[in-house]
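Place chain B on chain A using the hints.
2 protein chains.
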Amino acid sequence: MKLTALAGGVGGAKLVDGLAALLPPEAFCVIVNTGDDFEHLSLKISPDLDTVCYTLAGMANPETGWGIKNETWQVYKTIAQLGGPDWFRLGDTDLATHIMRTALLCEGEPLSAITQNFCQEWGVSHRVFPMSDHPVRTMVHTNEGKVLGFQEYFVQHACEPVVSRFEFKGADEAKPVDDALRRLNESDLVVFAPSNPWVSIDPILAVPGYRESLRGKPVIAISPLIEGRALKGPAAKMYRELGIRPSASAIAEHYHDLLTGFVFDERDRGELEKIERWRIIPLLTDIFMEDKQDRIRLAREVLSFGQTILSRSH
Amino acid sequence: MKLTALAGGVGGAKLVDGLAALLPPEAFCVIVNTGDDFEHLSLKISPDLDTVCYTLAGMANPETGWGIKNETWQVYKTIAQLGGPDWFRLGDTDLATHIMRTALLCEGEPLSAITQNFCQEWGVSHRVFPMSDHPVRTMVHTNEGKVLGFQEYFVQHACEPVVSRFEFKGADEAKPVDDALRRLNESDLVVFAPSNPWVSIDPILAVPGYRESLRGKPVIAISPLIEGRALKGPAAKMYRELGIRPSASAIAEHYHDLLTGFVFDERDRGELEKIERWRIIPLLTDIFMEDKQDRIRLAREVLSFGQTILSRSH
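So the sequences go chain by chain: A and B. Every letter in the first sequence is one number past the one before it in numbering that gives the first Met the number 0, and letter 211, counting from 1, is 210. Every letter in the second sequence is one number past the one before it in numbering that gives the first Met the number 0, and letter 298, counting from 1, is 297.
It is possible that some hints are incorrect.
Identical chains blur together in the list; that is why a pair holds if it fits in one copy or across any two.
[To be verified] Within a straight-line C-alpha distance of at most 30 Å, the following computed DSS-like cross-link-like pairs (lysine-lysine) qualify:
1. 76 <-> 43
2. 68 <-> 216
3. 168 <-> 145
4. 291 <-> 76
Note that these hints are calculated values from the structure, not bench results.
Looking at chain A on its own, in the form it has when it is part of the complex (with noise of 0.2 Å):
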């Protein structure tokens, strides 16, 4: 079975990591949201491609859910003493990676390249791929008319803007990456890892091209609310704002058209109604990942669930 995950950031990060430990780099491969990068300090970054990648890399600090472990601060700290801005952490491993990655595209190498290049250093098997070579940029629209970047609203305004909507700017102009959409074209389940549907996953999807791919072919979404709460990130408070109540079927609701598997957590069971209803295939069980055996408990139960959907489909 081969099997293509598109990810955000941490909780898809986790979901990821498991299914790497069950598959081979041949049969699994990941497409991230870059929809988050941005330039800070004239650094270009990738928070939820460096968060993928740090992760199957063992390096991610389980802690943050951010950065590396282990990590030294003396550039992050300097600079603030030097009066630059310290709404951003950085730290002086994962500067490395930005110092580099900025170079190397400054040079006209492609997003996708120079990952793969950090991901073998990393000993990183799986292809982790950026959605796009081209700059997709999440913008929020707040209901006081405000537009933020991304990182701007999620990390220097703490998620505390009302969001009214989300534009995906540069989007239409994107393209996939060639052997991103090759991989998925080849796959046989398309798994929505428990990232946030709107900033995570809706990016990913605005980029002409992975819809398309989709049509006709298996796609399990996991959710990423376990009673009406988000396990990390703000994807419930960004529902409640749109007017819509968080919960497992509002998930489901979202990708609606394009899912034939969800599986969502035991403790929203009353859900379960509406979902099937939806003529969408349920899986219940616990989502929450702790450590590394709950990552690979998720995955496999993910894995034969998708098997089971593949068997009834042939």
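Relative to chain A, chain B alone:
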């Protein structure tokens, strides 16, 4: 007495440090070579400017002659692990300077203003001016026809290529920093610090305006050579390769028509006659600067020499 120094790297920075210990900020400033500025890993690096500032701030690494003391190397080591270039060593604290400078330059702030702000943060009260806010690049032409950027020649090739001439790319279109030229015009005395004439002082003089401002003004140069050897750097080697015997008198001849006085080492007393023949007023002393006391002693001698020259000319 108002004094302006022209300076390049390590030797120049030491004398500047001695002068700054003796003169208040309103009476002394320094104009620094930026011909060896370059881009490395997309970071904008100003080696001479940093050497002078770090030295004045008491932050300079006395062992290397460049960089910051008690430095850490996490980013540099990680960049090398990622396959990045390792020929130019960048400490973590030093990197903060380059990252901030790059970000501010990209925002359109002039290098002179950036340097002024950094100096404030570093507790440097004397003004340190880059020679220009416009990029000037010292190119080293070699006898094999190759043209190298200065840092490429200096660090990557360890000064090994044989030089045939120097070119200061962009100098014709560059402008002096307004405040630097004003301070130079207001100066009673100008000092050429013991820096490499070819690649530290000549690039400054190549910026239209500075040379003109020196006409009719007493100028004292301090030799960067003792017994034909450079205390640091490739000055002696360059003279030889250009067919000139490296010596105190070769330095004096280099600046020839600009010089009123020339400070050189007791050990080069044999060249006294030659220098006097050119109607340059000589000062023979110990020009070697081992520690802070030496810097202050030499600076004091230069100042009193300057006063003698000024009183003679009135």
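Hints, one by one, checked against the model:
1. 76 <-> 43: both (19 Å within a copy, 20 Å between copies)
2. 68 <-> 216: Cα proximity of residue 68 and residue 216: none, with 38 Å in one copy and 60 Å across.
3. 168 <-> 145: Answer is within; shortest intra-copy Cα gap is 15 Å, inter-copy 45 Å.
4. 291 <-> 76: For residue 291 and residue 76, only the inter-copy Cα distance (29 Å) is at most 30 Å; the intra-copy one is 32 Å.
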